[in-house]
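**Student:** With the sequences and hints as input, model every part of the structure.
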Amino acid sequence: MTIIPLDRAHTANGAGGGQPVLAARGLTKHFPVHAHRSPRGAVVHAVEDVTLALPSAGITAVVGESGSGKSTLARLLAQLIKPTAGTVLLDGAAVPGRQRYARQVQLVLQDPFSSLNPVHNVRYHLARPLRVHGLASGASLDAQIAELLGRVALTPADQFAVKYPHELSGGQRQRVAIARALAMRPRVLLADEPVSMLDVSIRLGVLNLLAGLREREGLAILYVTHDIASARYLSDVIAVMYAGQIIESGPAAQVTDAPAHPYTQLLLSAAPDPDRAQPPSLRGRGAPPNLIRPPAGCRFHPRCPFAMTVCAEERPMAIEVAPGHSSACWLHAPGLTAAQSRPLTGPALTGPALNEPTSAPGDLAPQETHRPQGPGEEKR
Amino acid sequence: MSGDILIEVRGLCVDYGLGSDAVHAVLDADLELRRGEVLGLAGESGSGKSTLAYAITRLLRAPGVITAGSARFGASVNLLSAGQRELRGLRWSEIAVVLQSSMNALNPVLSIGTQFSDVLRAHRPDMSRADRRARSGELLEMVGIPADRLSSYPHELSGGMRQRVMIATALALDPSVVIMDEPTTALDVVTQREILEELMALRDRLGFAVLFISHDLSLLVEIADSIAVMYAGRLVERAGASAIFRAPRHPYSLGLLSSFPALHGPRRAMEGIPGSPPDLRNMPSGCSFHPRCGYAFDQCRSDPPPPLLDLEAGTRAAACWLQDGRMAVPAELARPARAPATAAAPAAAAPAAAVTAGPEPTGGRS
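In order, the protein sequence lines correspond to chains A and B. Just so you know, my numbering puts 502 at position 325 of the first sequence, and the rest follows in order with no gaps. Just so you know, my numbering puts 343 at position 78 of the second sequence, and the rest follows in order with no gaps.
Hints are supplied without guarantee of correctness; some may be wrong.
To be verified - Not close to chain B: a few residues of chain A, all C-beta gaps over 10 Å, as computed:
id: 1; residue: Val272
id: 2; residue: Leu318
id: 3; residue: Ile379
id: 4; residue: Gly382
Unchecked claim - Each pair of labels, with its calculated beta carbon distance range:
id: 5; chain 1: A; residue 1: Pro216; chain 2: B; residue 2: Ser423; range: 20 to 28 Å
id: 6; chain 1: A; residue 1: Arg492; chain 2: B; residue 2: Asp413; range: 47 to 55 Å
id: 7; chain 1: B; residue 1: Asp413; chain 2: A; residue 2: Pro216; range: 20 to 28 Å
id: 8; chain 1: B; residue 1: Asp413; chain 2: A; residue 2: Lys340; range: 51 to 59 Å
id: 9; chain 1: B; residue 1: Asp286; chain 2: A; residue 2: Ser373; range: 27 to 35 Å
id: 10; chain 1: A; residue 1: Phe290; chain 2: B; residue 2: Pro549; range: 21 to 29 Å
id: 11; chain 1: A; residue 1: Val210; chain 2: B; residue 2: Pro601; range: 34 to 42 Å
id: 12; chain 1: B; residue 1: His420; chain 2: A; residue 2: Ala330; range: 39 to 47 Å
Hints are computed from structural coordinates only; laboratory data are not their basis. Quick reminder that beta carbons are idealized off the backbone N, C-alpha and C, glycines included.
**Tutor:** See below:
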């Protein structure tokens, strides 16, 4: 097992194929806390040391629960907020000026009910970025708007162009929001929960639209979501975030079929899955930590059924468990001393078994035998 | 489930507004909820699933009007004609409701304990103050919250805890029916799973029936005994949970099932359902699903859909002209409900395969 930087992990697997267009290196965002009871200088550690690369013609999913920092990461990548530390690289170089950056990188927001202005029609929403950036005027403006609406499958374009947001369904509104982002002919599309506000039956339509844009136009897409099943469906690479950090990343099917981090396993065990033969057993309980004072070491260790002494002391680095698939978990680290690998609770672990691919879907049995007993179980 | 029928709804129609401007939110709904059963009510926004639940409990607010049908509780109570006194006796002690947004349902300026106490004082006037306090603590612990949180205010609790408090208050008077309107939609998956586990354990212990309203059919398949699917105000299919998952009989149920990407198996292109749900003010002619239905034929465009047709010896029903026995049913809508014992995995993956076998959506992989 070798320790490799996460950004190489993404491109090494060749899943998306292309060179990274947009890359984040050690991206960190701390938000100051102004509550009167907090100590002076307290900050929320929203995003911590995230390294990520978006290859051209590739879809990278960032999966996490609310508060995991996934939306903050999208906003950092869109340069809407300034990072506390770390850099964003466009084509390997520092970010150019704001306007030039916006032509390359565009953000689609979650809620198409509030991201469109209710007093303006579709044409206005699409014409404005074209005008502001001096990309079109006069007759070519209408042609470009029609072309944009065609790209998001809102046809006939002349009918949709004159509609107001309230006349459109949720799915159509989100398509307008995507068309607006495409107006710049960007190379990177950052989609922050683009389908979570939409009705179930139309979500796939929007996801397939994103897949088609990647296919036809070679866009690099960041798909931020809480729904790991949709991430598996759409993306090449899944990066799982927990408490502001990427804890696992790798090819989408591999991360979901053979999760290598206990948190990913927890997430998968909790996800709705009609294929499941029996009720799932949750792999861990509780809630994400307070990010003003995040836990030392691995931020997941207070909830982790496999937590060891070292987990409470040192932050685990990303370790490659399979080609292009890495997990930031001490269970994969070779050469831990006996003292370091002593379980925090319960009897000793017999060894890491997390990287064994699971045979049957939903069957994560290899780990079951190593589960340390909780205090409640010991009493019985 | 063969328990006795607790709630029986027949031909229920609910409009919003009056006269020619009225929007038909629920049309001709038939529903049965049996003792101890978890009945899932699935549908998208605007399908009328919440309206149906509010009509049954008579919580419908103006401009909602019940225009036809009947709803009975047990053998004796007509829910639609019951007076305020009778309703007051039923509500909470027999039929309790858990609302979707716990943040709005709890009073922000009262402690949790006070809100429990209010329920008990209103419905059990003979309870002493100490008894109320004890019962409140017991209820909180039932949903996994320490009793000392009774003195907390809603803003001091996490979203998951607030939703647990809502469930505990609903169970305060040991109701026989609990109606849950998207109880876990706003929560993270791990919290959602924890709450559902607790809820199912409580159901096993206390024996209440649950009407579980959700847009997430994949979740309902896991937790419900039977499922009713609504589309644009009509119940389009009703069947056992695993029967609907393995062998849907209505094209909308089939489409909805293929809108949820699977967590396992080969990744394949899925189409969901083309188009979008209809505007209730401007409904299509005939079956309201026909503009989005790949199987629609002339009758679907002209005639309203049939009432729920009993299929397979009355174990399930679907409201679709394809299922009235006059023509061959497409193979996807006629799968055997019982999967062969050996082939659990392929049968489970089948709904996705039914729609298209198109190219992988995420090309570029070798």
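**Student:** Taking 10 Å as the cut and beta carbons as the points, is glycine 382 of chain A off the interface with chain B?
**Tutor:** Violated: least Cβ distance 5 Å, not greater than 10 Å.
**Student:** Classify the label on valine 272 of chain A as holds or violated, using whether its beta-carbon is more than 10 Å from each beta-carbon of chain B.
**Tutor:** With a cut-off of 10 Å, valine 272 of chain A remains clear of chain B, as the shortest Cβ separation is near 27 Å.
**Student:** Holds or violated: the 20 to 28 Å window for the beta-carbon distance between proline 216 of chain A and serine 423 of chain B?
**Tutor:** 22 Å Cβ-Cβ, so the 20 to 28 Å window holds.
**Student:** Cβ-Cβ distance between phenylalanine 290 of chain A and proline 549 of chain B: within 21 to 29 Å?
**Tutor:** The hint (21 to 29 Å, Cβ to Cβ) holds, given that phenylalanine 290 of chain A and proline 549 of chain B are roughly 24 Å apart.
**Student:** For the hint 51 to 59 Å, verify it against the beta carbon of aspartate 413 of chain B and that of lysine 340 of chain A.
**Tutor:** With a Cβ separation near 55 Å, aspartate 413 of chain B and lysine 340 of chain A satisfy 51 to 59 Å, so the hint holds.
**Student:** Is the nearest Cβ of chain B still more than 10 Å from the Cβ of leucine 318 of chain A?
**Tutor:** 28 Å, holds
**Student:** A range of 47 to 55 Å was offered for this pair. Does it hold for the Cβ distance of arginine 492 of chain A and aspartate 413 of chain B?
**Tutor:** 34 Å, violated
**Student:** Looking only at beta-carbon atoms, does the pair aspartate 413 of chain B, proline 216 of chain A fall within the given range of 20 to 28 Å?
**Tutor:** 26 Å, holds
**Student:** Starting from the hint 34 to 42 Å, judge whether the C-beta atoms of valine 210 of chain A and proline 601 of chain B obey it.
**Tutor:** Since valine 210 of chain A and proline 601 of chain B have Cβ atoms about 59 Å apart, the given range 34 to 42 Å is violated.
**Student:** Does the Cβ pair aspartate 286 of chain B, serine 373 of chain A satisfy 27 to 35 Å?
**Tutor:** 33 Å, holds
**Student:** Verify this label for me: isoleucine 379 of chain A is non-interface relative to chain B, using a Cβ-Cβ cutoff of 10 Å.
**Tutor:** 5 Å, violated
**Student:** Holds or violated: 39 to 47 Å for the Cβ distance of histidine 420 of chain B and alanine 330 of chain A?
**Tutor:** 44 Å, holds
Hint violations for this structure: numbers 3, 4, 6, 11, all remaining hints satisfied.
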